[in-house]
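Q: Chain by chain, the residues run as shown.
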Amino acid sequence: MLVLILRRLAYAAPIALGVSLVCFSLVYLAPGDPLQAVMPADVTPDMVEMIRHEYGFDKPIPVQYALWLWRAVQGDFGLSIGSRRPVIVDVLGSLQNTLLLTSFAVPIAFVIGYTLGAIAGCFPGRWLDRTVTGFAVMGVSVPNYWLGIVMVIAFAVELSWLPATGMGPRGSDAFSIFSLGDLRYLVMPVFTLSMVPVGIIARSTRAAVAEIRGQDFVITLRAKGLSETAVIRHVLKNALPQVLAVMGLQFGYLMGGSILIETVFTWPGSGFLLAKAIINRDIPVLQGAILLLSLVFVATNLVVDLLQSAIDPRIRRA
Amino acid sequence: MAHTLAVTTPTDLEPDVLPANVVRGYWQSVAYRLRHDPVTLFFGMVILLIILAAIFAPWIAPYDPYKESVIARLKPFGWRGHLIGTDELGRDLLTRIIYGGRISLFMGLAPVAVATVVGGALGILAGFGGRRVNTVIMRTMDVFYAFPSVLLAVAISGAMGGGIANGMIALSMVFTPALCRISETATAQVRNLDFIEAARASGAGTFTILRFHVLGNVLGPIFIYASSLVSVSILLASGLSFLGLGVKPPEPDWGLMLSTLRQSIYVNPWICAMPGAAIFITSICFNLVSDGIRAAMDVRM
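So the sequence lines, in the order shown, correspond to chains E and Y.
Each residue of the first sequence is one higher than the last, beginning at 41 in the numbering used here.
Each residue of the second sequence is one higher than the last, beginning at 1267 in the numbering used here.
The following block holds chain E by itself, in its conformation from the complex (with noise of 0.2 Å):
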């Protein structure tokens, strides 16, 4: 198992190190001066030299890209243009908005995602499984941006059930998870959220759920008289592996993904940080949070990975 931990390390430091360079480079793909991206519109000439050297952007490209790698591994992003505040501190405290909203989606949509595939898979070709892969169909093509603007409609605009956009009256750092008044901040979002990947989990369930059902064991299970609900206890066990490392992977995507979900919802987490910084052009933060989410992702895979080899023996051989 240490040999294992030690190889997938040794594969993801390089692509952790690529994922970087990626980020750094997006500073290039700006439009003009990569300096006059990351400055404020009212600096003097003298301050954009002083502050080019200082940088090292007077440097060769490759000594800049260390420089700027070396400062970033100890959390120097430099200075938000619109906040002023140190980007990491941004990018952390809106990093944590974002963990609350896929804390709450990833659980819910995988209860609901296969307890749907699992009805699915147990009666393919029925009504049963026909509802349910087409509810998964609904829930992989919405757009989860139109379908928080449809549940704002409902809930808040007509209804006035729930609270519309926000953490609350409070703010975000003082939003509690044990005051009902915020939790109702939370439903929409997460609701929303879990939209995608209850599909993509149903989906996953079914196939795996269909696919273990004509193995040869399942064969022996039923010989041996096992009754039909013991039969698919045995199933869905077998299933578990594979459809936790959808989950898993699914974790991954909403941290990075939920860009479009905060800005219908004004939730102030990483995905709304990086939609106002693309709006204000605020390089430094658009990097900061771009490099911290896509590491989160190798991360989660990484853990992924891992966590399936640990559970399934099968996996590591390969």
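Be a bit skeptical, because a hint or two may be false.
Coverage of chain Y stretches by chain E, computed from C-beta distances (three or more under 8 Å per stretch; other residues unrestricted) [said to hold, decoys possible]: (1) 1406-1417; (2) 1501-1515; (3) 1530-1537.
Simulated from the structure, these hints should not be mistaken for laboratory data.
All C-beta atoms, glycine included, are put in the ideal place defined by N, C-alpha and C.
Assemble chain Y onto chain E, guided by the hints.
A: Positioned in the frame of chain E, the structure of chain Y alone reads:
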């Protein structure tokens, strides 16, 4: 895969299987299965209608998509001949949704097409070009694979300053790695098979082998995967416009319309949801048709 003949025996007489004792070529059997799949046919027709409506928008749309009117702002369904109401500047919403299909469909299809060509070619190159070429190409793809797709699309088009062209570049870059992987796997599977060896022994050059023996086996899996990406691409492209990274106003685009109408949900709520419904319907259609194509083309099923 492309060389497989579908031969059925009298024992499998399921409705979606070929009639007994008929031998057909692969593409013929695919076409046969598609013709007998009512769901795929129906949603394929819907897609065709949406595409035709977008192409012939000037003849179909009831109003001028840019014509604003101060008195006709945010009117409800059916107000004075505006079937699904008007937007925040008094423009006919149905007209703008019909016109909006032009950019939205283009942004859904074009990046997938670009990524299919680029990713497919890179994958074949990686699969056929030897160890070093393979490592360089595939490890680079791994890096782009390590970003969640929404994030990569937003990062690239956001850094480049938005706009249709930049959005297209960004989405193409998002889809290329996956297509490259599929193409590489398919190439590696046939690379060492006997018929390639035979072609080489009979004097075929590398290009001839790639063109006639590899491509035919790689195109199928790539095409199936690419078809499933169209709906993703439409969602992502509308998402980019929703964030203000796509077309600039006053051009009609579903994502952008959704974003500007969102400010008015307290005035006339359900009008504001209409452009999103267009995205949803188009995306569902492409998803179901892609599922149908996958089922029809996959010989294992």
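Q: Taking a Cβ-Cβ distance under 8 Å as contact, does the region 1406-1417 of chain Y have three or more residues in contact with chain E?
A: Result for this restraint: holds, n = 10.
Q: Given as covered by chain E, does the region 1501-1515 of chain Y meet the bar of three residues or more with CB within less than 8 Å?
A: holds (count 7)
Q: Tell me whether the statement that chain E covers the region 1530-1537 of chain Y is true, taking a Cβ distance below 8 Å and needing three residues at minimum.
A: holds (count 4)
Checked against the numbered hints listed earlier, the structure breaks none of them; every hint is satisfied.
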